[in-house]
Amino acid sequence: MEKSEIKPFIAKRVAKEMHDGDVVNLGIGLPTMVPDYLDESVQITLQSENGFLGLAAVDESNPDGKYIVNAGGQPAGIAKDGMFFDSATSFGIIRGGHVDATVLGSLQVAENGDIANWIIPGKMVPGMGGAMDLVVGAKKVIVAMEHTQKGAPKILKKCTLPLTAQKQVNLIVTEMGVIEVTDNGLVLKEINPEFTVEQVQEATEATLTVADDLKSMIDGSPIK
Amino acid sequence: MEKSEIKPFIAKRVAKEMHDGDVVNLGIGLPTMVPDYLDESVQITLQSENGFLGLAAVDESNPDGKYIVNAGGQPAGIAKDGMFFDSATSFGIIRGGHVDATVLGSLQVAENGDIANWIIPGKMVPGMGGAMDLVVGAKKVIVAMEHTQKGAPKILKKCTLPLTAQKQVNLIVTEMGVIEVTDNGLVLKEINPEFTVEQVQEATEATLTVADDLKSMIDGSPIK
Amino acid sequence: MAKVKQITAKEAAALVKSDMTVMIGGFMTNGTPLTITEEIAKRDDVKDLTVVCNDAGFQGVGTGALLAKGQIKKLIATHVGLNKECGQKYSAGELDLVLQPQGTLAEQIRAAGAGLGGILTPTGIGTTVAEGKQVVNVDGQDYLLEKPVHGDIAFIQGFVADESGNIRYKGSTRNFGYLMASAADTVVVEVEKIVPAGEIGPEYVETPYVFVDYIVLKEEA
Amino acid sequence: MAKVKQITAKEAAALVKSDMTVMIGGFMTNGTPLTITEEIAKRDDVKDLTVVCNDAGFQGVGTGALLAKGQIKKLIATHVGLNKECGQKYSAGELDLVLQPQGTLAEQIRAAGAGLGGILTPTGIGTTVAEGKQVVNVDGQDYLLEKPVHGDIAFIQGFVADESGNIRYKGSTRNFGYLMASAADTVVVEVEKIVPAGEIGPEYVETPYVFVDYIVLKEEA
Chain G
46 MEKSEIKPFI AKRVAKEMHD GDVVNLGIGL PTMVPDYLDE SVQITLQSEN
96 GFLGLAAVDE SNPDGKYIVN AGGQPAGIAK DGMFFDSATS FGIIRGGHVD
146 ATVLGSLQVA ENGDIANWII PGKMVPGMGG AMDLVVGAKK VIVAMEHTQK
196 GAPKILKKCT LPLTAQKQVN LIVTEMGVIE VTDNGLVLKE INPEFTVEQV
246 QEATEATLTV ADDLKSMIDG SPIK
Chain S
46 MEKSEIKPFI AKRVAKEMHD GDVVNLGIGL PTMVPDYLDE SVQITLQSEN
96 GFLGLAAVDE SNPDGKYIVN AGGQPAGIAK DGMFFDSATS FGIIRGGHVD
146 ATVLGSLQVA ENGDIANWII PGKMVPGMGG AMDLVVGAKK VIVAMEHTQK
196 GAPKILKKCT LPLTAQKQVN LIVTEMGVIE VTDNGLVLKE INPEFTVEQV
246 QEATEATLTV ADDLKSMIDG SPIK
Chain Z
272 MAKVKQITAK EAAALVKSDM TVMIGGFMTN GTPLTITEEI AKRDDVKDLT
322 VVCNDAGFQG VGTGALLAKG QIKKLIATHV GLNKECGQKY SAGELDLVLQ
372 PQGTLAEQIR AAGAGLGGIL TPTGIGTTVA EGKQVVNVDG QDYLLEKPVH
422 GDIAFIQGFV ADESGNIRYK GSTRNFGYLM ASAADTVVVE VEKIVPAGEI
472 GPEYVETPYV FVDYIVLKEE A
Chain E
272 MAKVKQITAK EAAALVKSDM TVMIGGFMTN GTPLTITEEI AKRDDVKDLT
322 VVCNDAGFQG VGTGALLAKG QIKKLIATHV GLNKECGQKY SAGELDLVLQ
372 PQGTLAEQIR AAGAGLGGIL TPTGIGTTVA EGKQVVNVDG QDYLLEKPVH
422 GDIAFIQGFV ADESGNIRYK GSTRNFGYLM ASAADTVVVE VEKIVPAGEI
472 GPEYVETPYV FVDYIVLKEE A
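Chains as they are written, first to last, in my numbering: chain G, 46 to 269; chain S, 46 to 269; chain Z, 272 to 492; chain E, 272 to 492.
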């Protein structure tokens with residue numbers, strides 16, 4: 046797979062996790078590509094943790110790009126039936142389990158669902174912003190990331206970087222496969238047919254259990 | 046003093062405790078008479094704990110008396126610059142110290158400022174409603190009540206009824222005098238000239254310290 | 272755009288099952304969805320409810336209707352003095368009554384909706400309200416730990432809903448509306464008007480559609 | 272009716288004294304009263320401030336203006352990555368930086384305004400955020416006790432004020448506005464428009480005038 050194809054490939058697979066009516070918060074980067082791949086029958090509401098539901102592109106709702114920004118501080122718009130609220134209400138909605146899913150990148154994920162994605166080693170700490178609340182509060186936490194970092198595994202037995210939250214990740218989607226975090230560890234549910242199970246395990250520090258009904262992450266066809 | 050004169054007399058004195066711009070919550074009964082005696086230079090904002098600031102009589106703000114009720118559940122109106130909010134916000138305003146004063150009746154007050162006014166002995170307990178939050182949260186708690194109950198003192202060394210709150214009362218206004226609750230106990234600051242200090246003490250179980258500058262509660266003139 | 276389901280008051284009442292925790296909005300029926308409470312009180316098969324409401328309404332009205340029907344096992348409220356039937360049932364041992372300070376109850380419901388572990392309030396310290404509850408000292412001051420109050424279902428009264436399910440209230444009816452909508456698994460809002468999606472406008476929505484499962488148009492009942 | 276005091280941005284800036292805890296509204300300057308922060312940054316006599324703000328703004332803008340001027344001793348924020356000067360000052364030991372989860376900070380400010388002893392949040396449990404903080408177990412689950420965050424003064428941006436001091440916000444600028452207005456001793460709101468008292472209307476006020484001490488009209492600055 047070409048490097049440039051990896052992110053769209055992951056985003057496309059993540060899109061299949063979205064259900065009609067879901068309230069979803071998308072992290073920066075790759076996750077923001079997910080809506081491009083939604084089936085027409087699936088309408089989701091995007092939450093912007095700085096204070097609204099119905100995140101949209103800049104449009105007539107924000108003619109001069111001045112009064113509405115997204116969670117990255119960039120000009121945005123709001124859906125006709127969206128609504129603004131204050132930050133305590135916004136995080137009440139997040140922490141209170143009213144967000145069906147959050148999709149975000151990560152530096153490391155552990156086999157028990159621990160996630161470490163807010164401190165980049167050797168760099169100035171930018172701050173966790175809303176990430177810690179999102180991974181604790183969202184009903185489903187989907188990590189969408191490249192399987193390895195310069196060849197080094199990011200899916201580990203135990204995170205070595207400072208945690209963002211304990212035991213919160215539900216699903217990991219990479220260019221190699223789809224891995225579910227269960228009480229019995231990581232289960233490889235789907236695989237990119239470009240790779241073998243052995244190759245995926247090799248790129249993963251934690252032990253993967255292979256699902257009995259392992260499928261292709263591209264078309265859902267059975268992989269024997 | 047005629048029985049019928051007592052309540053207006055107390056309300057009139059309590060009115061002098063109000064300052065221009067104060068946010069005030071008034072309990073049912075006697076306290077609701079306080080606004081009638083305000084000096085023209087003093088404008089206060091009334092808080093209604095069920096969810097608004099700017100409590101007013103039924104007027105064009107509530108034409109059919111249907112959508113606005115006061116904290117007693119009766120139809121009310123709202124001032125032009127008042128505003129509605131939800132119950133958590135309402136009690137946030139109360140508990141957070143944004144109400145300058147609350148005026149309420151009481152069954153008993155103790156010399157340390159304890160107040161007991163929510164359980165009437167021998168009667169079904171109606172519930173504390175917003176009273177406990179109000180006495181804990183208001184910056185100044187003014188008890189406006191008759192000095193005794195059928196001759197029995199209501200200002201005690203220690204309350205015998207279940208408490209509404211501990212050490213929250215700041216001022217007690219009765220038909221006999223004005224008593225401040227201080228760290229050194231109760232101080233009689235003003236007196237109704239119809240009574241002697243001895244009579245007030247006799248009607249009070251707790252010990253009163255008489256202020257050096259004891260004044261008339263009617264016109265503020267010195268009492269020797 | 273999202274589309275909320277519109278049902279009748281009778282259908283709304285049918286969502287209630289025995290033993291559920293039911294939140295009923297309003298303050299002395301101001302903000303109580305009376306069409307729905309009336310329908311609930313018609314159901315002979317519903318009993319042993321835990322009801323969370325500011326008060327017991329008036330006799331036979333609002334929460335008072337469920338009380339009169341004998342559907343309430345436990346009532347969590349702040350003031351029940353204006354419905355004498357409540358006191359009678361309590362005295363007769365027919366009702367478990369939990370009285371909470373109004374600000375505490377509001378904040379407990381909010382805590383459930385906002386995913387907090389409870390609240391730390393100075394209200395009730397040193398009173399019977401504190402009995403059996405954990406006291407947490409923060410910087411030398413004692414606070415009562417009051418736990419979140421969650422509902423299986425909430426019935427509230429709005430004024431206008433848009434077709435997506437966004438809600439606006441009128442006058443002082445908003446009291447417990449948003450809070451209960453945030454804290455219950457299923458949320459039903461009775462409204463007087465339904466307008467096209469988006470007509471309320473993003474800056475004027477008071478309870479977002481993501482909390483609202485069903486709306487009942489009052490006139491239809 | 273109440274009447275709020277109208278002052279200039281310069282007069283607003285003059286309310287700040289060294290060593291104060293200053294709350295600055297906004298999220299990446301969306302909702303930050305930029306006219307006022309610019310004036311504060313002109314003051315040579317103000318230093319050692321503790322600033323509470325979601326972020327460090329942009330370089331030289333909003334909270335970033337105070338940072339550039341060297342007026343901030345301690346910054347309590349959630350994310351400072353978009354102002355590189357913040358990281359530089361922190362690395363150089365010139366800034367005490369406290370990073371809190373955004374939902375926690377919002378709720379801590381609300382707790383201060385609402386008279387609560389702190390909040391009990393699941394966020395941060397098992398992370399460095401929990402270091403040195405009290406953990407309270409409620410019904411088997413651990414929550415972090417985070418203390419209220421209070422301000423000596425708050426500067427926020429509204430859109431419209433009425434002459435009483437009632438405020439409405441525009442777009443996503445409301446973020447920390449109400450919360451900080453409730454949690455600071457003195458509250459200054461910069462607005463773009465002032466309308467006659469009552470013109471906003473009781474059902475549309477977002478921050479009540481009882482919280483607001485001064486308003487600054489943006490155009491006047």
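Hint data in this document are derived by calculation from the structure and do not stem from the laboratory.
Be a bit skeptical, because a hint or two may be false.
Said to hold, decoys possible - With a straight-line cut-off of 20 Å between C-alpha atoms, the simulated PhoX-like cross-links for lysine-lysine are:
hint : chain 1 : residue 1 : chain 2 : residue 2
1    : G       : Lys125    : Z       : Lys355
2    : Z       : Lys355    : S       : Lys125
3    : E       : Lys464    : S       : Lys125
4    : S       : Lys111    : Z       : Lys274
5    : Z       : Lys276    : S       : Lys111
6    : G       : Lys125    : Z       : Lys281
7    : G       : Lys125    : Z       : Lys313
8    : E       : Lys355    : S       : Lys125
9    : S       : Lys168    : Z       : Lys441
10   : S       : Lys125    : E       : Lys489
11   : E       : Lys276    : G       : Lys111
12   : Z       : Lys281    : Z       : Lys464
13   : G       : Lys111    : E       : Lys274
14   : Z       : Lys464    : S       : Lys111
15   : E       : Lys441    : G       : Lys168
As the structure is a computational prediction, the values presented were derived from the model and not from experiment.
| query | Which numbered hints does this structure break? | reply | 1, 2, 4, 5, 6, 7, 8, 9, 10, 11, 13, 15
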